[in-house]
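Student: Sequence:
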Amino acid sequence: MITEGILNINKPQNMTSHDVVSVIRRTLSIRRVGHTGTLDPMATGVLPVCVGKSTRIMEYLDMDLKTYVCSMVLGIQTDTQDIWGKIVDRGPVDVTNEDIHRAFAGFDGVIDQKPPMYSALKVDGKRLYEYAREGKTVDVKTRKVFLKDLQILDISKGFEGLPQITFSVTCSKGTYIRTICQDVGIALGTYGTMTQLQRIASGVFHAEKAVELDILSNMEMHEIEKLLVPSWYPLCAFGRIVCGEEAGLRFASGWHLPLNQCRIERKPLYEESDFVLPMREEFRHAYCVFCEINGREEFLGVAFYNYQYRKLVADKVFFTR
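If you count the sequence shown from 1, you need to add 129 to reach the numbering used here.
Simulated from the structure, these hints should not be mistaken for laboratory data.
Careful, some of the hints might be misleading.
[Said to hold, decoys possible] With a straight-line cut-off of 16 Å between C-alpha atoms, the simulated EDC-like cross-links for lysine to aspartate or glutamate are: (1) 355 x 133; (2) 251 x 263; (3) 265 x 253; (4) 277 x 237; (5) 277 x 223; (6) 302 x 193; (7) 182 x 312; (8) 182 x 444; (9) 265 x 193; (10) 355 x 341; (11) 273 x 191; (12) 273 x 289; (13) 215 x 263; (14) 251 x 268; (15) 302 x 241; (16) 445 x 411; (17) 182 x 241; (18) 270 x 241; (19) 182 x 427; (20) 255 x 268; (21) 243 x 268; (22) 270 x 253; (23) 396 x 374; (24) 445 x 133; (25) 302 x 223; (26) 445 x 188; (27) 286 x 223; (28) 273 x 253; (29) 338 x 312; (30) 277 x 410; (31) 338 x 352; (32) 273 x 312; (33) 396 x 410.
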C-alpha cells in the first residue's frame, strides 16, 4: 500500500488541479492527496502531487520557482484575461517587433502584480472567482512577485489574425501569467490576452519526466510506486544532515538533536543569503535529517536549528518504526 511520495503529473487541458487530485485519490485509494500549486483548467503541464505523509512538505515549497511557456494575442480584452473568457473590449494594434521587445523588458526582477478577479485567491474567506461570477468587485491589493529569464520565443499571427507572442518565463509562487499578458498589452497601448499556457517546470520537477494522467490511471500499483519520489526530494533549499542511529531514533521520538552528533553534508541554501522575496526566517536554518537504520538510510524529518538550545529541533517527523 502506498503511504507517501510525490508524483510528477502532466496536467491535461480542461481539468482543474483539484480534478487531478481526485483522480489520484481514486487510483491510489488514498484520501490524503494534494497538489503543490494550482494550474488553471485550460493550462497544461507539470503538477507535482503529494500523496499521504508527503502532503506535509507542501508548506516548505514557497521558494520554488516555476517555468512557463505562454502564448498571447494583442488587441482583445476578456473578463478572465484569457481567450476562454468573454470578450469585453477590443483595441487598436499598431506595434512593431521592437515595441514588443521593449514592453517585455520591463517585466524582470521583483515587480508589483494585481491578481485577477477570476482566480482562486481568497479575500475575506471567499475566492475571487466566486465574487466575479456574482458580478461583484472587491479591492484586491497588489503583491510582489519575481520574474526572470523572460524570453520572447516567437512573434506571429494568432487568433483572428491578431499579433501573437509566445514567450517563456521563470517566476515565483503566486505569479499570474495571464496578468503578465494583460500588463504587456497595456504597456503597448492596447489589450493582451493569454491563449495558451504550459508549465514546463515546478521546482525540481520538469515536463520531460511528467507522467500523463490517463496513463497513470491504468497502471498497476507496483508501476506507480516506481514513479513516486520521496518526500525530501523537492526540499533542495534545505540543508542535509546525517546522524547516528541512536541519536536519530531519539530525534524521531521528540528529542532535540545536538550538532556534534551529526554530519552536515549540505548547508541551507539561504543560510547566508536572501531569497528574492520575503521568506520564513526558519528556512535559513532548516535541515532534512537522515539516519542509517538497519543498514538503510531513512529520512527522519525536517528540523530547524535553534540558537537558544544550540540544537536541531524537529518541525515535522516523518519516520516511524
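Student: A separate judgement is required for each hint: does it hold in the structure or not?
Tutor: Hints versus structure:
no.	hint	in the structure
1	355 x 133	holds, 12 Å
2	251 x 263	holds, 15 Å
3	265 x 253	holds, 14 Å
4	277 x 237	holds, 6 Å
5	277 x 223	violated, 27 Å
6	302 x 193	holds, 7 Å
7	182 x 312	violated, 40 Å
8	182 x 444	holds, 14 Å
9	265 x 193	violated, 33 Å
10	355 x 341	holds, 15 Å
11	273 x 191	holds, 13 Å
12	273 x 289	violated, 34 Å
13	215 x 263	holds, 15 Å
14	251 x 268	holds, 12 Å
15	302 x 241	holds, 13 Å
16	445 x 411	holds, 13 Å
17	182 x 241	violated, 35 Å
18	270 x 241	holds, 10 Å
19	182 x 427	holds, 14 Å
20	255 x 268	holds, 13 Å
21	243 x 268	holds, 10 Å
22	270 x 253	holds, 13 Å
23	396 x 374	violated, 21 Å
24	445 x 133	holds, 14 Å
25	302 x 223	violated, 33 Å
26	445 x 188	holds, 11 Å
27	286 x 223	holds, 14 Å
28	273 x 253	violated, 20 Å
29	338 x 312	violated, 32 Å
30	277 x 410	violated, 24 Å
31	338 x 352	holds, 15 Å
32	273 x 312	holds, 15 Å
33	396 x 410	holds, 15 Å
Consistency with the previously given hints fails for numbers 5, 7, 9, 12, 17, 23, 25, 28, 29, 30, ordered from lowest to highest.
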